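With chain A held as given, fit chain B onto it using these hints.
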Amino acid sequence: MYRYDLTDKTLVNERVAQFRDQTRRFLAGDLSEDEFRHLRLRNGLYIQRHAPMLRVSIPYGLLSSTQLRALAQIARRYDRGYGHFTTRQNIQYNWPKLEAVPDILAELAEVEMHAIQTSGNCIRNITSDHLAGITPNELADPRPWCEIIRQWATFHPEFSYLPRKFKIAVTGAPQDRAASLVHDVGVHIVRGPEGDLGFEILAGGGLGRTPIIGQVVREFLPRQHLLSYLEAVLRVYNTEGRRDNLTKARIKILVRSLGLEEFKRRVEAEWELLRDGGPSIDDAQVARMLGSFNPPAYRTLADSKPDAGKSTAFRAWYRYNTAPHKVAGYRAVYVSLKKPGVAPGDATDTQMELLADLADRYSFGEIRVTHTQNLLLADVEQESTHELWQILEKAGLATPNIGTLTDIICCPGLDFCSLANAGSIDVARLINERFDDYDYLYDLGELEVKMSGCMNACGHHHVGHIGILGVDKSGEEWYQITIGGAAGADASLGMVIGPSVPKSEVPETIARLLEVYVEQRQPEERFLDTVRRLGVKPFKERVYAAPVAA
Amino acid sequence: MPRRLLRDRQIVADEWRYASEAAGDALAPLIVTVDAWRAERDRWIARGSRLGLAIAPAHKVESIAQDLQFFELVAAEFPGPADGRGYTQGRLLRERFDYKGELRATGYVHRDQLFFLARCGFNSFELSDADIEDAHAALLTFSAAYQPSNDMGLSFKLRREMPASA
Numbered sequence: 141m142y143r144y145d146l147t148d149k150t151l152v153n154e155r156v157a158q159f160r161d162q163t164r165r166f167l168a169g170d171l172s173e174d175e176f177r178h179l180r181l182r183n184g185l186y187i188q189r190h191a192p193m194l195r196v197s198i199p200y201g202l203l204s205s206t207q208l209r210a211l212a213q214i215a216r217r218y219d220r221g222y223g224h225f226t227t228r229q230n231i232q233y234n235w236p237k238l239e240a241v242p243d244i245l246a247e248l249a250e251v252e253m254h255a256i257q258t259s260g261n262c263i264r265n266i267t268s269d270h271l272a273g274i275t276p277n278e279l280a281d282p283r284p285w286c287e288i289i290r291q292w293a294t295f296h297p298e299f300s301y302l303p304r305k306f307k308i309a310v311t312g313a314p315q316d317r318a319a320s321l322v323h324d325v326g327v328h329i330v331r332g333p334e335g336d337l338g339f340e341i342l343a344g345g346g347l348g349r350t351p352i353i354g355q356v357v358r359e360f361l362p363r364q365h366l367l368s369y370l371e372a373v374l375r376v377y378n379t380e381g382r383r384d385n386l387t388k389a390r391i392k393i394l395v396r397s398l399g400l401e402e403f404k405r406r407v408e409a410e411w412e413l414l415r416d417g418g419p420s421i422d423d424a425q426v427a428r429m430l431g432s433f434n435p436p437a438y439r440t441l442a443d444s445k446p447d448a449g450k451s452t453a454f455r456a457w458y459r460y461n462t463a464p465h466k467v468a469g470y471r472a473v474y475v476s477l478k479k480p481g482v483a484p485g486d487a488t489d490t491q492m493e494l495l496a497d498l499a500d501r502y503s504f505g506e507i508r509v510t511h512t513q514n515l516l517l518a519d520v521e522q523e524s525t526h527e528l529w530q531i532l533e534k535a536g537l538a539t540p541n542i543g544t545l546t547d548i549i550c551c552p553g554l555d556f557c558s559l560a561n562a563g564s565i566d567v568a569r570l571i572n573e574r575f576d577d578y579d580y581l582y583d584l585g586e587l588e589v590k591m592s593g594c595m596n597a598c599g600h601h602h603v604g605h606i607g608i609l610g611v612d613k614s615g616e617e618w619y620q621i622t623i624g625g626a627a628g629a630d631a632s633l634g635m636v637i638g639p640s641v642p643k644s645e646v647p648e649t650i651a652r653l654l655e656v657y658v659e660q661r662q663p664e665e666r667f668l669d670t671v672r673r674l675g676v677k678p679f680k681e682r683v684y685a686a687p688v689a690a
Numbered sequence: 181m182p183r184r185l186l187r188d189r190q191i192v193a194d195e196w197r198y199a200s201e202a203a204g205d206a207l208a209p210l211i212v213t214v215d216a217w218r219a220e221r222d223r224w225i226a227r228g229s230r231l232g233l234a235i236a237p238a239h240k241v242e243s244i245a246q247d248l249q250f251f252e253l254v255a256a257e258f259p260g261p262a263d264g265r266g267y268t269q270g271r272l273l274r275e276r277f278d279y280k281g282e283l284r285a286t287g288y289v290h291r292d293q294l295f296f297l298a299r300c301g302f303n304s305f306e307l308s309d310a311d312i313e314d315a316h317a318a319l320l321t322f323s324a325a326y327q328p329s330n331d332m333g334l335s336f337k338l339r340r341e342m343p344a345s346a
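So the protein lines, in turn, are chains A and B.
Residue 690 is where the first sequence ends in the numbering used here, and the numbering goes up by one at each step.
Residue 346 is where the second sequence ends in the numbering used here, and the numbering goes up by one at each step.
Just chain A, with the same shape it has in the complex (with noise of 0.2 Å):
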């Protein structure tokens, strides 16, 4: 994995240095709420329900164990024991003392972390995906270019005072488990007409209360001129983007508002003034960095069917819980995060120093968050894939559903955001208890269930095959349920069924929505595909035909 080299050092400590004067200046009176509050926000740290809470990056979701063994010991020493990955493979801390927040990331500057542009209207955390590196039909890894554009991004002078807040992802495989059609910009590798790989690059995708599907604003970018693209993107939104109205201000409103032909001329007429004065990447910078991600030592190993003849609840596991390698003889091994009773996404500090020895023992000391809010370790040795399976077991990170419906991608909600309507985490609750037979969780094959407990859709709901979004009701707590929303290379924007639920009738309505698909479905169609195929009607007709039973 990537390194840091004197340069990141020195920005990470004096950055550390900045926010503890500001800090200082702040208790002391000097700053005034509002003056603090438009510079902790440039650093992850919120003021929450109960107490701040402080996002720290996790660049494209990459962890080494050193790494996950400070997060565990943050979240002993500064939290109440635990941490959550979110949708952006971060961790978030939900109980730090703004006193102690210096002191936090001094410690995460010793193993090469910080909390900057983690939350605040500038660059976010770039995000790819988990299984970059290692997936069979990859055309190119691209954790080299997250770590070109972090760089680029860390403290950019121009835009760090956007409209609002920029998130990209970059993938390098056909399936898109990073969810780039709905974030501000994606990047995708792919060949150009001559066979070099470069980019596709998309724009205005986003959730929230107004939810879009990224649309290409270029076919074919040369990889020299990633960032000076990028610059040009961010200067015609930082430009023209909206400031008057917030929940305008997203880039996907001005795409939208220009329309994509007059954005895509924008920024080409923008790129092609930048394009040989901007910043641009020479192949030896390439290379470099490029070597940061060499590939680990990988003994020369056979295929094996590890499962045969092994118990059920292990060949289950093996079946959910791992997935293809590229090379032969390892296995990518998930750690699911969403047992039964605990809040999706949460690890507490022994988990995380149990994954972190795994990750040691396993997996060439490396651990991956993912998107939906689980663990991955990448470089299994599929014959050692028994024994880890104990361990975790025995640790409660061995749920075997992942992708099916209790691996639900949930928002921390009423419990901890000051923002939410709804307690998403009791709804993944009540989720877990009516669907727990895993007979059945199987027989329903893939199926994403995505929470948000209120319209800024950290949950992701819009692009759940099911969604659930927390509505206000007087004060009391109801849910607006979609369907056929879809996050992947054929994402599409979930439709609500019908009018939203009171809490205690959400796991029957998604139980009539599967009755539904079970019914109806054809031989391998995953839900996702029936209701594309069938539209609401009938779904909504099931769900509203009768009562439900108090």
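These are calculated hints, taken from the structure and not from any lab test.
Accuracy of the hints is not assured; some may be wrong.
Here are the simulated DSSO-like pairs of lysine-lysine, each with C-alpha atoms no more than 27 Å apart in a straight line [claimed, not checked]: (1) K240/B with K388/A; (2) K240/B with K404/A; (3) K240/B with K305/A.
From chain B, some residues computed to sit far from chain A (all C-beta separations above 10 Å) [said to hold, decoys possible]: (4) E195; (5) D215; (6) A226; (7) Y267.
Which bits of chain A does chain B cover? Going by a derived footprint, with three or more residues having C-beta under 8 Å, they are [unchecked claim]: (8) 293-301; (9) 371-385.
The model shown is predicted, which means the values in this text are computed figures rather than measured ones.
The C-beta atom is built at its ideal place from N, Cα and C for all residues, glycine as well.
For chain B alone, coordinates are given in the frame of chain A:
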């Protein structure tokens, strides 16, 4: 008492006045708004004094570029902590239109923004008394940067093109 400024890393008394401020010496350097400039361009030129131009965030730098020869100062306004259009204006003036005069940040300008402003080409800052004494230190918050820039009057120990040389 004249306004104090941080200019080229020195705290100095401002010799400029805005056209909206009380009249003083008829030949004192004067900052006019874009509207005033466009309305009475010939009159301002005939005045024979040094001229500065005050631009608002919505002004396109391209639209004033052909007149830059008349100005020794451009003052970009930052109406609040959320409006970052001035950063783009600064870079365009310096990099695309080769503007060499004083580039001043006005309005909501605090020590915590100075580093970014300087890297976008600003070399003078209207700061509150509370901020001005510490402002020079704020310019030195970071001794390295990832982006190449042609900021004036600042030199970095480390500066690199993307990505880093190790």
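For each hint, the structure was consulted:
{"no.": "1", "hint": "K240/B with K388/A", "in the structure": "21 Å, holds"}
{"no.": "2", "hint": "K240/B with K404/A", "in the structure": "19 Å, holds"}
{"no.": "3", "hint": "K240/B with K305/A", "in the structure": "23 Å, holds"}
{"no.": "4", "hint": "E195", "in the structure": "28 Å, holds"}
{"no.": "5", "hint": "D215", "in the structure": "20 Å, holds"}
{"no.": "6", "hint": "A226", "in the structure": "34 Å, holds"}
{"no.": "7", "hint": "Y267", "in the structure": "5 Å, violated"}
{"no.": "8", "hint": "293-301", "in the structure": "holds (count 8)"}
{"no.": "9", "hint": "371-385", "in the structure": "holds (count 4)"}
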